[in-house]
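Colleague: If you're matching them up, the sequences are chains A and B in order.
Be aware that the first sequence starts at 9, since it is given in my numbering, and climbs by one per residue.
Be aware that the second sequence starts at 318, since it is given in my numbering, and climbs by one per residue.
Honestly, the hints are just simulated from the structure, not real lab data.
Any given hint might turn out to be false.
Unchecked claim - What follows is a list of derived Cβ distance ranges for each label pair:
#1 A/Leu218 - B/Glu444: 14 to 20 Å
#2 A/Ile57 - B/Gly400: 35 to 41 Å
#3 B/Trp369 - A/Thr209: 41 to 47 Å
#4 A/Pro274 - B/Phe403: 27 to 33 Å
#5 A/Val388 - B/Trp369: 49 to 55 Å
#6 B/Arg334 - A/Ala65: 58 to 64 Å
To be verified - Some chain B residues close to chain A (C-beta under 8 Å, calculated; not the full set):
#7 Glu386
#8 Pro411
#9 Ser421
#10 Ser422
#11 Val423
#12 Val424
#13 Phe426
#14 Leu435
#15 Val442
Bear in mind the structure is a predicted one, so any value in this text is a computation, not a measurement.
All C-beta atoms in this analysis are idealised placements derived from N, C-alpha and C, irrespective of residue type, glycine included.
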Amino acid sequence: MSAAAPLELLAEEETGGEPVLLRAGSDAELTDRLLAPLWARWAWFPYAIGATALGSAVLFAVVGYTMVTGIGLWGNNIPVAWAFAITNFVWWIGIGHAGTFISAILLLFEVHWRTSINRFAEAMTLFAVVQAGLFPILHLGRPWFAYWLIPYPSEMGVWPQFRSALPWDVVAVTTYLTVSVLFWYSGLLPDLAVARDRAPTRLRRQAYGLLALGWRGELGQWRQFRVVYAVFAGIATPLVLSVHTNVSFDFAIAQLPGWHSTIFPPYFVAGAIYSGFAMVLQLMIPARRIFRLDDVITKNHLDNMGKMLLVTGWVVTYTYMLEPFLAWYGHDPFERFVMLRNRPFGHYAAVYWLVVFCNCVAVQALWVRRLRTSPAGLFVVACIVQVGMWSERFMLIVTSLQRDFLPSSWRNYTPTWVDWTILGGTISFFLFLFLLFLRVMPFIPISELKEMRREIVRRRAVEAETVVRLPLAGRGGGRA
Amino acid sequence: MHSGILAEFPSEDALVRAWEELAREGYARVTSFTPYVVRRIAGPPATTAVLWIMLAAALLGGAGGYGLEWWCNAWSYPLDVGGRPFHAAVAFIPIAFESAVLASSVVGFFAMLIACGLPRLSHPVFEIDGFERATVDRFWIGVDDADPRFEEGVADALLRMGALRCERLGGPR
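Chain A on its own, in the form it takes in the complex (with noise of 0.2 Å):
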């Protein structure tokens, strides 16, 4: 069997059914198939990535009002002192967790589905983790300072305090953010190579030349370059878990009624799995139908998604339901007040009954196969989580921070339109970095995707053969 003998349906996986890679040709044919999109015309992206860099100016305009001024402008107050901003922190830091989770941790697990989206959700990551660092600085009151967060010898001969959960998180999120972008690059290193060699004008190709720093693919080469990746895959998975444990640790570590609490670092990172997992749903699928790539992001995928949605959605649910628990079972007066009344019947009952519905109740309709599999239903059902996993970031925050200890410094949190304008302001901003990356660069693994198919194909015709010659070597002799 020739390795460029076309496939109509490629790779049945053992466990799901659908195939991971429909109607792969010849390696060229997939190539050319996976570049087109570089090389092409899009008629909407003039319209697309100017409405984006329209709300991105808006964004930047009020930031910049918001340093002029002060972030008197934000509704913020005390005891509500963290808000809005650090609700868009870790709700935007929790979606840059699918990236390097997918690409990550399904790595280690050899799983097939996450060849076809990984570039995908890192990129993702990155975008999201820039949004992210942006709340913590301008939360500071005066940004300008931010540079005092990193230890640097100074004439003050001050330092930052590390016994406090906030720096943590500073190292953290750099941290993250500096592997995200190594474990991005070195991954697109051989696609940038790919491109070069098939640009269609020479600036083009000088430009992904420089890239691919020159990318040979000799054995050497990829040799280096598979063990470093594993490696790669090897380190961010615990820092994955600890990005968010530190983020979660910022609330744990506080001594407020329905933050302190151990559950707090395994509840965050489930949250940002499961909000990560719907922001790549939102992204892919509209993708998917604009570049008609369902025969490389297949049924599988979708399938594979939602199964994920589903199953980080049950252990955020259980924790929704544990928390009441161990909040009646530990006999504090705050933590029951908070937790069992408060939350669900106080000020903000309505955000607390949105967050139920949309991140317990809606996403059981993953259950059935047939809305896993259709991208419109799964659309939605991102969508709603996505609702929901940001209003739990506001209930947590808010509600504990707004009826403390002493009622006599008891006070409600509204947002201002500022705080409302930077959020919308983030999600433009994300978009537009997130279309940039997808006209200039390959969006989707060559080189992986390629080497996968050689995978398959070989299987099959192992398979093949063991079904032929078993009965020919006499070993099921007997049976007809």
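Based on the hints, put chain B in the right spot on chain A.
Modeller: Just chain B now, with coordinates in the frame of chain A:
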């Protein structure tokens, strides 16, 4: 490899067959250029020097991160916060861990590039017409002329093994 004979093969299987034949004939300095990693010739992943460098960087980074925290908060400017210990070992763990990961990834990335001989934008193999398909769907074998078994006749042997064509890289010595 910088000079020798390059042979172009149409498929992975053809490449592997030729590779095995060259190995049987005792060629030692043979390399390949392929669009993706060909596991049958790359062999199982091996521990490389880069990994040891990454391990050393992780240990140094972790120790450095921890040492920095200790120096800042316990030595240079000890600040009494409710009688809590200045050298708070447990509170220093997260940053020590993150520093270890950061150091090993940054060092590992650049060590990998150096081990791969990158960045190197200009290389003799890029001068060959049609070599650009090595990243697309063609599989090339390169026999280095520094190989003790090397002779110009290896080109004919490679053609017999199924190569589409052979190219001389660099002039004969």
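Colleague: Which earlier hints turn out false for this structure, listed by number in ascending order?
Modeller: Going through the list in order, the structure violates hints 2 and 12 and respects the others.
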